[in-house]
Amino acid sequence: MDRDSLHARIDALGALLAAAAQPGDCLEANAFEPEPPARLLDGDFLLTWKQREEALRAVLAAAEILEALDRAGVSARLFDSGLGVALFRDKSTRTRYAFRAACDLLGLATEELDESTSQLAHGETVRETAAMIGFLTEAVGIRDDLYLGEGHAYMKEVARALDEAHRAGVLPRRPAVVNLQCDLDHPTQSLADVAHLATLFGGLDGLRGKRLAMTWAHSPSYGKPLSVPQGVVALATRFGMDVVLAHPPGYELAREPLAFARLFAAGSGGSFRVSDSMEEAFAGADVVYPKSWAPMAVMRERTRLARAGERAALAELEHAALAENARHADWECDGAKMALTRGGAAHYLHCLPADVSGVNCDRGEVSREVFESARLGTYREASHKPFVIAAILLLTRFADPAAELAGLVERARPRRGA
Amino acid sequence: MDRDSLHARIDALGALLAAAAQPGDCLEANAFEPEPPARLLDGDFLLTWKQREEALRAVLAAAEILEALDRAGVSARLFDSGLGVALFRDKSTRTRYAFRAACDLLGLATEELDESTSQLAHGETVRETAAMIGFLTEAVGIRDDLYLGEGHAYMKEVARALDEAHRAGVLPRRPAVVNLQCDLDHPTQSLADVAHLATLFGGLDGLRGKRLAMTWAHSPSYGKPLSVPQGVVALATRFGMDVVLAHPPGYELAREPLAFARLFAAGSGGSFRVSDSMEEAFAGADVVYPKSWAPMAVMRERTRLARAGERAALAELEHAALAENARHADWECDGAKMALTRGGAAHYLHCLPADVSGVNCDRGEVSREVFESARLGTYREASHKPFVIAAILLLTRFADPAAELAGLVERARPRRGA
Amino acid sequence: MDRDSLHARIDALGALLAAAAQPGDCLEANAFEPEPPARLLDGDFLLTWKQREEALRAVLAAAEILEALDRAGVSARLFDSGLGVALFRDKSTRTRYAFRAACDLLGLATEELDESTSQLAHGETVRETAAMIGFLTEAVGIRDDLYLGEGHAYMKEVARALDEAHRAGVLPRRPAVVNLQCDLDHPTQSLADVAHLATLFGGLDGLRGKRLAMTWAHSPSYGKPLSVPQGVVALATRFGMDVVLAHPPGYELAREPLAFARLFAAGSGGSFRVSDSMEEAFAGADVVYPKSWAPMAVMRERTRLARAGERAALAELEHAALAENARHADWECDGAKMALTRGGAAHYLHCLPADVSGVNCDRGEVSREVFESARLGTYREASHKPFVIAAILLLTRFADPAAELAGLVERARPRRGA
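Protein sequences, first through last, are from chains A, B and C.
Sequential numbering of the first sequence, starting at 333, is according to the working numbering.
Sequential numbering of the second sequence, starting at 333, is according to the working numbering.
Sequential numbering of the third sequence, starting at 333, is according to the working numbering.
I should point out that these hints are in silico values taken from the structure, not numbers from a laboratory.
Being a predicted model, the structure only gives us computed values, none of them experimental.
Take these hints with a grain of salt, some might be off.
[To be verified] With a straight-line Cα cutoff of 25 Å, these simulated SDA-like cross-link-like pairs (lysine to any residue) come out:
1. A/K423 <-> C/N692
2. A/K488 <-> B/E447
3. A/K423 <-> A/V458
4. A/K556 <-> A/A652
5. B/K423 <-> C/K488
6. B/K556 <-> A/E447
7. C/K423 <-> B/D422
8. A/K488 <-> B/L708
9. B/K556 <-> A/R459
10. B/K488 <-> C/V458
11. A/K423 <-> B/K423
12. A/K423 <-> C/D446
13. B/K488 <-> C/L684
14. C/K488 <-> A/L684
15. A/K488 <-> B/S705
16. A/K556 <-> C/S705
17. C/K423 <-> B/L708
18. A/K423 <-> A/G616
19. B/K488 <-> C/S705
20. B/K423 <-> A/Y486
21. C/K488 <-> A/G690
22. B/K488 <-> C/P685
23. A/K488 <-> B/V691
Using the sequences and the accompanying hints, generate a full structural model.
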């Protein structure tokens, strides 16, 4: 991308940001509490469905510009010092790396809080710790996706603590809380997914009218988070896609993102419906996203039992869940099902790692053949995540992100070399 | 703080540093071995009572300037590359973050040595490892507070090893060892405490004649380090405070810091005495610092038993210590005791995390009401620690720290922005 | 080193790099598959014996220049952002620090992949993870030395995965894989060893005709990697040294590096032979390198049993290996054996940590007296490793490393100071 194209894109980003900053109507979805849209500047980035559409388009536009700067060898370093704090309450390779790489791209050092070597815990001390790690911090990235009903609440608690400490003058700046996957949403994943689709369909406008099948798929491990499918259906519907969510009975998702998916589909000219057949969802699809997740009722009960420390009941619950799970081993994305898609050639998405039949499990989410032919595409899908995170940092931390990007283009400092 | 005020403070810092660098008398406290005062430049920072008063005032002055630069958005990056090595032999959230943030503020990357994934151990290999992690290192921050009689000795051993390797030309520069809490002192904590008091009393001179009650308080965990109270009484007495140390019989502190507290009080026009009543200590106090610590005799015995691997005896010792501890549950900082302080409105200090009754324990160091009203104040107290550590790094690593700070002000490079 | 001397050395480096980039003959050693020499630019650094001699001389020359820049206080920062990923599948203090310090010296942040908090594993996912951690990465440093037949294969697998992802356009740049110790070679160690010898003998040419005894030595732990002796004999022979490898029967090394050692000795005018007597190897030696390693057959069997999960057989194997090991406790480098060397004053090398008799074990690789007199020398030996790694990063990541170094000299940016 040449200098003029970069400036044109930066101008477009500026217009999106101006629109996103207008006082906006509340986004109301069914029975959910109406609240004003989240702001970008000095705000947190927790749930895409609380963000205005222009804000999401701005994130995607900024990510694209940052990616172009990297390919052009232009440094995007905007911080001379400052910290990004990472707090992972679940395993992570991709997102941990992406957060680290995003921070480093902008000039922030990363400090990972390890709950085993610190004294972090739920309850009173969350409030305290949030202040203690905020003094020279620009952003706190959190993964907390293990227990339904807890992850998002935890991030809000951290955010409130940072608010309080900032209001009291303890923190000279209010760090942004960035959701690196909670129980409700996985926004850096879904935005990377949409960024990938935009490259496949000639831009975000190309998503309009395209059919996306977000389907459950079988995996030997029954307990995967619900946040990826929830995040995908609530985001894809904003861009006019025809979204079909499919899963066996019992694998329903949380009500909030689905209610927003319906609302967004109505507003964007897209559509959203739920099916109980993988085949029906695949029929005519342009994009398929077959992915295992846990039954919500089981996850709720697991949270309750874990809190109560009832180990025996937990083991029993897990046993029953695995048995139920095994009944749906036919929910595998194989060649026959792919043949049902538009021209037999739908794009395959996955957040990785996938459970591939005959590779890392006996019967998984996807057959070896389908995955192998789609594999490099899933890597491309993942490649956008560091830039999406960097874009979120840029848009939450700077008053005029477009001016900063324009400054980077003019500065044109090489990323490497003496 | 504007440019002129900054330069005025930097000039004052320069004068303090000049005074601190004069050949000084030995600080002799009772029977303790007289030794020349520790030097700042190319020295270590281990015990405040081995530092000259001007050196401590210089650390506080530099911390204040660095904090002002941060609030003004001016970059304090002084290193283009270089490492701060962190070695935590005990859990840490606050100090680990503060060390990391301080290093990053000055441009150093942090490398944390993890004893479980390396081959660090006491004895012969300390000497070797110290050299091995020193080649491109500016500072080694160490927390080693678990065993009485060991932490400070360990830091001295590391320091001697660095000396030897530097003298032999193996290390081109001699990294500073920074005490991030040992068995004797916790200087970055006590200096942050004093920095906080200076903001409350209109500067360091305002501490003169103020009464500080450093008291034991009850906690369900009996084994907390003694270094915080030891460090506080040995430091507050240098600034003319009237310090009362109170604890139940059996909870005596180490002799060395108390001997220095007496010496310093005599020299500064302050006072130092020991009491066995929390109420008496609180009476008329301007500042209270109620905090649990372990009985020294128990800690000594614990070190011995742990070294000898006598597990059964260790468990018995712990059992007896807990029983003794429980007898002093009334040593709680509650509303009634706070009412005894000057105007019923003493400032409450704590190094955090506190054991708050009814919050994270049944009966702790402080009542919920007292802690809640003091809570944000304790956050402010903690907020100085990253800057105190950065100041120590600045003063130990640069020949003319005032000139470096003046250079930062003139350079006026924004910490963020293209 | 002054500016002119630096430029002279940089010119010499440029000449070496030009020679190293010429199309070269395959290095063929006995029955081993001939393959073209590894390239430096955009290549990996896995085995010294697959590198052309000019390439190795270039690494040593660049390391020396970087060391001189550091001593002169000139910043060697070449990256404004970018990551070095560290993946340690075995414990490490020295090399982990050296990799971190090398990355930081050039301006790269380090991210350590922890297999316990991520989902890394052998098999299919190596390929995937390699791509996932490569997006903004310049180098991946790997230690994988525990299982014979696995470490080098793992690094090649990572390298192939990065190749594939780069070819497909997923990775905008192909990160270098740097061997931080595998089952075959430990190139950053052996190059640091040779850099040290060059300082002792007045440059690399001074190694010609010097006699090096690389000998097995007794240690209570029988399972140390074979890569250090293998790497040392295959490297020292390239510089015209007369190398004697000595070990008890049963402690043979892998065939490949020995075959190359013979080939290199023939080409360089040096020599290589194998002995079963420590005394004979020491006789007349200029340099001794007494170091424990495991019996290859035992290590092979251990790999097989570990893969098969046969724990009982593993324990039995270990028992037998320890018994055999104990039979060779006289393979200790003591004063009597040192007296056999040239003038009784051979230089003692060790990669550290050493097993020192009466210090960290009863009967180890070296007597306390010999080690103590050689100790600071071993620290000097180790001091070259961060610069060797930085040199490898420089030579694999930049098209014209000599021009970059010349740019650093001209830029003359102080490493520290406002």
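Is the Cα-Cα distance between A/K488 and B/L708 25 Å or less? holds (19 Å)
Is the straight-line distance between the alpha-carbon of B/K488 and that of C/P685 25 Å or less? Distance of about 21 Å is within 25 Å: holds.
Can the restraint linking C/K423 and B/D422 be considered satisfied, given a maximum Cα separation of 25 Å? OK: C/K423 and B/D422 at ~20 Å, within 25 Å.
Check whether the Cα positions of A/K423 and C/D446 lie no farther apart than 25 Å. Distance of about 10 Å is within 25 Å: holds.
Does C/V458 lie within 25 Å of B/K488 when you go C-alpha to C-alpha? violated (44 Å)
Check the hint pairing A/K556 with C/S705 against an upper bound of 25 Å on the C-alpha distance. With Cα atoms ~59 Å apart, A/K556 and C/S705 exceed 25 Å; violated.
Measure nothing beyond the straight line between the CA atoms of A/K423 and C/N692; if it is 25 Å or shorter, mark the hint as holding. violated (37 Å)
For a C-alpha distance cap of 25 Å, please report whether B/K556 and A/R459 respect it. Holds, at roughly 22 Å.
For a C-alpha distance cap of 25 Å, please report whether B/K556 and A/E447 respect it. It holds: about 20 Å lies between the C-alpha atoms, which stays within 25 Å.
Between A/K423 and A/G616, is the straight-line Cα distance small enough, at 25 Å or below? violated (36 Å)
Holds or violated: are the alpha carbons of B/K488 and C/L684 at most 25 Å from each other? Since the Cα atoms of B/K488 and C/L684 sit roughly 23 Å apart, the hinted pair holds (cutoff 25 Å).
25 Å limit on alpha-carbon distance, applied to hinted pair A/K488 and B/S705: With a Cα-Cα distance of about 23 Å, the restraint between A/K488 and B/S705 holds, given a limit of 25 Å.
The structure fails hints 1, 2, 5, 10, 16, 17, 18 (numbered hints given earlier, in ascending order).
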